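Sequence order for the protein chains is A and B. Quick note on numbering: the first sequence equals residues 1 to 114 in our numbering. Quick note on numbering: the second sequence equals residues 1001 to 1114 in our numbering.
Keep in mind the hints are simulated off the structure, nothing from the lab. The model shown is predicted, which means the values in this text are computed figures rather than measured ones. Wrong hints could be hidden among the right ones.
Below, computed lysine to aspartate or glutamate pairings styled on EDC-like, alpha-carbon distance capped at 20 Å [stated by the list, open to error]:
#, chain 1, residue 1, chain 2, residue 2
1, A, K71, A, E83
2, B, K1042, A, E56
3, A, K57, B, E1079
4, A, K14, A, E44
5, A, K57, B, E1039
6, B, K1042, A, E83
7, B, K1113, B, E1083
8, A, K11, A, E56
9, B, K1057, B, E1079
10, B, K1068, B, E1083
11, A, K11, A, D24
12, A, K14, A, E56
Taking beta-carbon pairs under 7 Å as the criterion, some of the chain B residues facing chain A (in silico) [claimed, not checked]:
#, residue
13, Y1032
14, P1044
15, S1097
16, K1101
By construction, the Cβ of each residue, glycine as well, lies at the ideal position given by its N, Cα and C atoms.
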Amino acid sequence: DTGVSQNPRHKITKRGQNVTFRCDPISEHNRLYWYRQTLGQGPEFLTYFQNEAQLEKSRLLSDRFSAERPKGSFSTLEIQRTEQGDSAMYLCASSPRQGNSPLHFGNGTRLTVT
Amino acid sequence: GENVEQHPSTLSVQEGDSAVIKCTYSDSASNYFPWYKQELGKRPQLIIDIRSNVGEKKDQRIAVTLNKTAKHFSLHITETQPEDSAVYFCAASVGSSNTGKLIFGQGTTLQVKP
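Extracted from the complex, chain A is given alone in its bound form (with noise of 0.2 Å):
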């Protein structure tokens, strides 16, 4: 399966840790998205990223959170100084190219801050 890959799959972690995430996309895609999800919610709009350019970040997204993708290919998702509110389940996306079209999710990190 060439799909979008997520690691870890899950992560517990005590409020006021660091926690990363990583995001392997589909090989031949130049773009790449991160949302969250909550239990019985939608995903919600993270941040994207065209090739290593992070081209836009959500309004709601704290300072804490920061996302790479250093060479264009695989991303991270950092959360320093977790809170409770930050439990949730993180999804990669990627897609092929210029326009709207189909985003590719992975299977998603799911995060539980205790």
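Once you've looked at the hints, dock chain B against the given chain A.
The following block gives chain B in isolation, referenced to the frame of chain A:
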């Protein structure tokens, strides 16, 4: 800001009946409208999409209709089967810049009773 409203939040039908899920969007520049199916614990997967230059699209038992004037679109599933049971999300592209960013509805939990 951009918003997508989805109704109903839950839908229960008998196997073989039809199911209809409706969404409205706020951004008049939206031009791409995908629908995703998410089974419990799994990634959202694209089931059908429609672009603003068409009013209807069909793929076997699934169809989507779009009314750009009213800014609403609907998913129709005919001859429902138990394996159609899942959470369905509508989404709309944002703005006219074709970034690929999507805003999602809140989801509809569909239960198909055998």
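Proposed proximity, A/D24 with A/K11 (alpha carbon, max 20 Å): Holds. A/K11 to A/D24 sits at ~17 Å (cutoff 20 Å).
Restraint check, 7 Å cut-off on beta carbons, for B/P1044 near chain A: 5 Å, holds
Pair hint A/K71 and A/E83, alpha-carbon separation not exceeding 20 Å: Roughly 30 Å separates the two Cα atoms, so the pair is violated.
Proposed proximity, A/E83 with B/K1042 (alpha carbon, max 20 Å): 25 Å, violated
20 Å Cα cutoff - pair A/K14, A/E44: 23 Å, violated
Agreement of A/K14 and A/E56 with the hint, judged by alpha carbon distance not exceeding 20 Å: 29 Å, violated
Pairwise hint evaluation, B/E1083 against B/K1113, where the allowed Cα distance is 20 Å at most: Judged against 20 Å, a Cα distance of about 10 Å means the pair holds.
Pair hint B/K1057 and B/E1079, alpha-carbon separation not exceeding 20 Å: 17 Å, holds
Pairwise hint evaluation, A/E56 against B/K1042, where the allowed Cα distance is 20 Å at most: Violated, at roughly 26 Å.
Residue hint B/K1101, partner chain A, criterion CB-CB below 7 Å: Holds. Min distance 6 Å.
Agreement of hint B/S1097 with chain A interface, Cβ distance less than 7 Å: Violated, about 10 Å.
Holds or violated: A/K57 to B/E1079, with C-alpha atoms at most 20 Å apart: 41 Å, violated
Checked against the numbered hints above, the structure violates hints 1, 2, 3, 4, 5, 6, 8, 10, 12, 15; every other hint is satisfied.
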